[in-house]
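Chemist: So the sequences go chain by chain: A and B.
1 is the number of the first residue of the first sequence in this note's numbering; add one for each residue after it.
1 is the number of the first residue of the second sequence in this note's numbering; add one for each residue after it.
The hints are simulated quantities; they were obtained by calculation from the structure and are not laboratory data.
Among the hints, a few may not be true.
[As the list claims (entries may be wrong)] One-sided excerpt, in silico: chain B residues whose CB lies under 7 Å from chain A: (1) Ile74; (2) Arg76; (3) Ile455; (4) Val456.
[Stated by the list, open to error] Okay, the calculated beta carbon distance ranges per label pair: (5) A/Met149 / B/Lys109: 42 to 50 Å; (6) B/Leu25 / A/Asn26: 36 to 44 Å; (7) A/Glu265 / B/Gln496: 35 to 43 Å; (8) A/Glu433 / B/Ser451: 39 to 47 Å; (9) A/Leu455 / B/Leu28: 14 to 22 Å; (10) B/Leu28 / A/Phe174: 38 to 46 Å; (11) B/Tyr110 / A/Gln356: 48 to 56 Å.
Glycine included, each C-beta is placed from N, C-alpha and C at the ideal position.
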Amino acid sequence: MVILPELVLLIGALAFFVISLGKMPNPQVAKFTALSFGFATFLAACLSFHSQATLFYGVYAVDQYSQLFKILIGFSLAMLLVVGQNLKGIADRVRPEYYLFLMLSVLGLMMLVSSVELIAIFISLELSSFALYLLVPMRDDRTGIRVQMEAGIKYILFGVMATGFMLYGMSYLFGLTGTTYLKDIIAFLSKGNLQPAVVVAVLMTLGGFFYKLAVFPMHFWVPDIYQGASNETTGFIATIPKLGAVALLIRLLTVPTGHPQFLTELLAVVAVCSMFYGNLSALVQKDIKRMLGFSGIAHAGFITLGLLTMSSEGYGIAIYYIAGYVLMNLACFLVISNVSQEGENLLIEDLSGLYQRQPVLAFVLAVGLFGLAGIPPFVGFMGKFMILASALRADHLLVVCLAAINTAIAIYYYLCVVKAAYTAEPGSRPSVEVHPAIQAAGVILVLAIVMLGTLPAKFVDFASAVVQTLL
Amino acid sequence: MDLLLIKEGLPLLTLLIFLPLAGALVLLFYHGESFARLWTLVVTSLTAVVSILLLTGFNSASPKYQFAEAYEWIPRFHINYIVGVDGISILLVILTTFIMPFCVLASWKYIKNRVTPFMFCLLIMETSMIGVFVALDFVLFYIFWEFMLIPMYLLIAIWGGPRKVYASIKFFLYTLAGSVLLLVAIIALYLKTGSFFIPSMMWQEYTLTFQVLVFLAFFLAFAIKVPMFPFHTWLPAAHVEAPTAGSVILASVLLKMGTYGLLRFCLPITPDATMLLATPILWLSIAGIIYGGFTALAQQDMKKLIAYSSVGHMGFVTLGIFVLNSRGVEGAILQMINHGVTTGALFLCVGMIYERTHSRELAMASGVGKYMPWFATFLAVFSLSSFGFPGTNSFIGEFLVLAGTFEKNTILALAAIPGAVLAAAYTLRMLQKVVWGGTANPDQSYLSDLSVREIVILAPFLFFVFWIGLGPQPFIDLIHTSVSQLLENLNNWQQQHQIAATVLWR
Numbered sequence: 001m002v003i004l005p006e007l008v009l010l011i012g013a014l015a016f017f018v019i020s021l022g023k024m025p026n027p028q029v030a031k032f033t034a035l036s037f038g039f040a041t042f043l044a045a046c047l048s049f050h051s052q053a054t055l056f057y058g059v060y061a062v063d064q065y066s067q068l069f070k071i072l073i074g075f076s077l078a079m080l081l082v083v084g085q086n087l088k089g090i091a092d093r094v095r096p097e098y099y100l101f102l103m104l105s106v107l108g109l110m111m112l113v114s115s116v117e118l119i120a121i122f123i124s125l126e127l128s129s130f131a132l133y134l135l136v137p138m139r140d141d142r143t144g145i146r147v148q149m150e151a152g153i154k155y156i157l158f159g160v161m162a163t164g165f166m167l168y169g170m171s172y173l174f175g176l177t178g179t180t181y182l183k184d185i186i187a188f189l190s191k192g193n194l195q196p197a198v199v200v201a202v203l204m205t206l207g208g209f210f211y212k213l214a215v216f217p218m219h220f221w222v223p224d225i226y227q228g229a230s231n232e233t234t235g236f237i238a239t240i241p242k243l244g245a246v247a248l249l250i251r252l253l254t255v256p257t258g259h260p261q262f263l264t265e266l267l268a269v270v271a272v273c274s275m276f277y278g279n280l281s282a283l284v285q286k287d288i289k290r291m292l293g294f295s296g297i298a299h300a301g302f303i304t305l306g307l308l309t310m311s312s313e314g315y316g317i318a319i320y321y322i323a324g325y326v327l328m329n330l331a332c333f334l335v336i337s338n339v340s341q342e343g344e345n346l347l348i349e350d351l352s353g354l355y356q357r358q359p360v361l362a363f364v365l366a367v368g369l370f371g372l373a374g375i376p377p378f379v380g381f382m383g384k385f386m387i388l389a390s391a392l393r394a395d396h397l398l399v400v401c402l403a404a405i406n407t408a409i410a411i412y413y414y415l416c417v418v419k420a421a422y423t424a425e426p427g428s429r430p431s432v433e434v435h436p437a438i439q440a441a442g443v444i445l446v447l448a449i450v451m452l453g454t455l456p457a458k459f460v461d462f463a464s465a466v467v468q469t470l471l
Numbered sequence: 001m002d003l004l005l006i007k008e009g010l011p012l013l014t015l016l017i018f019l020p021l022a023g024a025l026v027l028l029f030y031h032g033e034s035f036a037r038l039w040t041l042v043v044t045s046l047t048a049v050v051s052i053l054l055l056t057g058f059n060s061a062s063p064k065y066q067f068a069e070a071y072e073w074i075p076r077f078h079i080n081y082i083v084g085v086d087g088i089s090i091l092l093v094i095l096t097t098f099i100m101p102f103c104v105l106a107s108w109k110y111i112k113n114r115v116t117p118f119m120f121c122l123l124i125m126e127t128s129m130i131g132v133f134v135a136l137d138f139v140l141f142y143i144f145w146e147f148m149l150i151p152m153y154l155l156i157a158i159w160g161g162p163r164k165v166y167a168s169i170k171f172f173l174y175t176l177a178g179s180v181l182l183l184v185a186i187i188a189l190y191l192k193t194g195s196f197f198i199p200s201m202m203w204q205e206y207t208l209t210f211q212v213l214v215f216l217a218f219f220l221a222f223a224i225k226v227p228m229f230p231f232h233t234w235l236p237a238a239h240v241e242a243p244t245a246g247s248v249i250l251a252s253v254l255l256k257m258g259t260y261g262l263l264r265f266c267l268p269i270t271p272d273a274t275m276l277l278a279t280p281i282l283w284l285s286i287a288g289i290i291y292g293g294f295t296a297l298a299q300q301d302m303k304k305l306i307a308y309s310s311v312g313h314m315g316f317v318t319l320g321i322f323v324l325n326s327r328g329v330e331g332a333i334l335q336m337i338n339h340g341v342t343t344g345a346l347f348l349c350v351g352m353i354y355e356r357t358h359s360r361e362l363a364m365a366s367g368v369g370k371y372m373p374w375f376a377t378f379l380a381v382f383s384l385s386s387f388g389f390p391g392t393n394s395f396i397g398e399f400l401v402l403a404g405t406f407e408k409n410t411i412l413a414l415a416a417i418p419g420a421v422l423a424a425a426y427t428l429r430m431l432q433k434v435v436w437g438g439t440a441n442p443d444q445s446y447l448s449d450l451s452v453r454e455i456v457i458l459a460p461f462l463f464f465v466f467w468i469g470l471g472p473q474p475f476i477d478l479i480h481t482s483v484s485q486l487l488e489n490l491n492n493w494q495q496q497h498q499i500a501a502t503v504l505w506r
């Protein structure tokens, strides 16, 4: 049962297909089916944690590395389904389809972290992406101006373009090496043969992955899609696909002899540009999802900074950072999807007086945002600190200083949201009722953010050791 | 680790750090307002009592870090949980633990809404403040240093005055922006020494350029916290808007973290850079003293007046630190304590007036002496102490600092003298207005004098004002060994390393 989590997701998707065939599907049934499959996936990922196998002629590797990511994905999925269980922004009649595509998208990501061959990577990436493209326009049309359609079209057009780049790069890689297996391609790259064709091939392939992670200059889709998609969908886009993107980037970048110079420089420039672009743009946002989108670009820059140290330690820290980032984002989206009354977008000022309207949510939001801002003792600080330390060890002083300055810029917009939640008066805004299960999920997230932040040693050691096995 | 005197048995410092935190966690589950007040008072008092064990067990003849505890934390990065106190930090820890119960008492009636969260913030604030002073691992230090911003921000932003939003954000941004490069400097030092243990970073051979860069990163972070002129602009805003307890914590403890940082890190870790850059910093201190004095003279708002006077007083502290002789440094440490006692008490006094008149304007508070004789007495003594009247605590501190400055450079010392005169001018002006006022005093007959609770709050401060003022020897004994060890190391260093520093600034 080495692919148990994937099977569970597949069965889940099929189950929703069956449910969607019914005339008027019951939203409660859809909700509980989704929740049970979410937890079953997490459980399956835990059960198959120690599995080791290579399947399908060596294109599909089930190893410690992929299983680590599958646990992270499974946990995030379970949390996401709990926090967004009300699906306020999605019409009742399309909910089974919504869950169907959500499961398929996660299935694609699960397959992605196990893929070690270009075709397999492409197939799983597209399975995940196309399902995701469909989730965006499924939002119900309350504004009458169809922003979700605009977002969906933008997402698919940009996404297809990025995929085109990636395929083009992959074809070059195949042409240069005569193989589609990552192992052989990496062996070829590590010979240090830097003809222009290699550079172009690597850049274009990376471009496709950068699109998923939303790193500058492949970030431009983020704000509109974050804003246009329903709160729950955005919560998904902002978290789980990033795990997949990081997993894939690390697989591709684990060149045992270290990166060629141009790649290191490229990653450094990309990281710094992402941070400045994301943070400076986030400063002026009024829509909180848009703000989190820009902040996501900045955090993607930080992760790139972790990747650029090209040591197993750096990769381990990058995994730690993305895991923490997903937790903190889940905390924020928990608040957003539940404060939103009928699934509408929230402005930052809509969170005014949240402290009085729903103290638990305000606390979860504050922890999530202070964590994203990198204030100790939350996981964001430890991740930031370790990434800076490993980047400075690799002698990137200038980049580290710029990154440090960025954390000072970033604090302002996070603080503005906390300010609204804690100091502004609620005015006529109603109090927020949330299900105890969601409150419990919030508390679990807060505990995870604090625990992972204060006791990071085990996780980072494990992640680094796992990456070491890839080298 | 021969620098540490490992504490066997009861982990006293860990207990001090985590007792308030544990108390805060209890408040998460029990929300009752009167319970919260009482519980917080109990926890902070208990912490204060436990901290007395530090004094009784402290060996003032040893320059080592005492009551030390060391546990492994993140082995991959050589980050450990190491805490300990020496002569430089012990008084600051005691000051912190003893100020806190009075902050709780001062907020007893002042804070009317959201009492439980307020007490929660006070308690986690205490945890992080004690942590900053006892941490001997740089990452641990940084975590406490940064974490403190959150409760302090909330204290100002939720329970503050009318411009609380502006003041709290300014406070947070200013302090955080200052300390981001501190983090880079810490990592750079780690990469040079292979450890985050603070004493192992001291007195190491770094290149001068490296030292200067690290020093500047340190200095930016600490100078903002002190705050030194010209980085002081967040202070008046934060002080004025913060609730009384917040102002007291800010003035008594938070500002000391900056000067503690300068003393603990800048001097021993970057000695060459310190000697190279001491002269401009000394003149910045002078500028702060004079500027703070003149600005305080023009204030109509009592809290603002005291805030600007803090800029002046802290100028004396940095002056004392950077003259780099034993009188100056000991005077500076003593002055840190004195400022904590006196200014804390003055903020409490202003808070008491504010609770009655709901205004901090001098004009609105003039002439209360007739109706509040107890209050007037306390205010008079604390004001005298504030400008260093002989017999009060600040006199000892300022005298030592000035004596140290004369030892170093006469012109410098002469330049600092007007600051002392200005201090007398603005304090006496405030005292005159509040106690007597003029012919056009507002009607103050509705005022009631201090209650027993308020007298209990102020009396210990009075006690310390006179104790340090008349018999400072026990306090100096506590700090002397560590300071002379530090300066001895510095002198040895100076003799071994003939650097261009002295040539450059002459």
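Chemist: All hints are to be evaluated individually against the structure, with a verdict given for each.
Modeler: Verification of the hints:
The restraint placing B/Ile74 at the interface with chain A holds, with a minimum CB-CB distance near 4 Å, inside the 7 Å limit. Hint status for B/Arg76 relative to chain A: holds, with the closest Cβ pair at about 6 Å, below 7 Å. Because the smallest distance between the Cβ of B/Ile455 and any Cβ of chain A comes to about 34 Å, over 7 Å, the interface hint for this residue is violated. Here the hint on B/Val456 is broken, as its CB sits about 32 Å from the closest CB of chain A, past 7 Å.
Distance hint check: the CB atoms of A/Met149 and B/Lys109 are about 58 Å apart, inconsistent with the given range 42 to 50 Å. The hinted range of 36 to 44 Å is satisfied by B/Leu25 and A/Asn26, whose Cβ atoms lie roughly 42 Å apart. For the pair A/Glu265 and B/Gln496, the supplied restraint of 35 to 43 Å holds, since their beta-carbon distance comes to about 41 Å. Between A/Glu433 and B/Ser451 the beta carbon distance is about 43 Å. The supplied range of 39 to 47 Å therefore holds.
In this structure, A/Leu455 and B/Leu28 meet the distance hint of 14 to 22 Å, their C-beta atoms being roughly 20 Å apart. Between B/Leu28 and A/Phe174 the CB atoms are about 58 Å apart, so this pair departs from the stated range of 38 to 46 Å. Checked against the given bound of 48 to 56 Å, the beta carbons of B/Tyr110 and A/Gln356, roughly 21 Å apart, lie outside it.
The earlier numbered hints that this structure contradicts are 3, 4, 5, 10 and 11.
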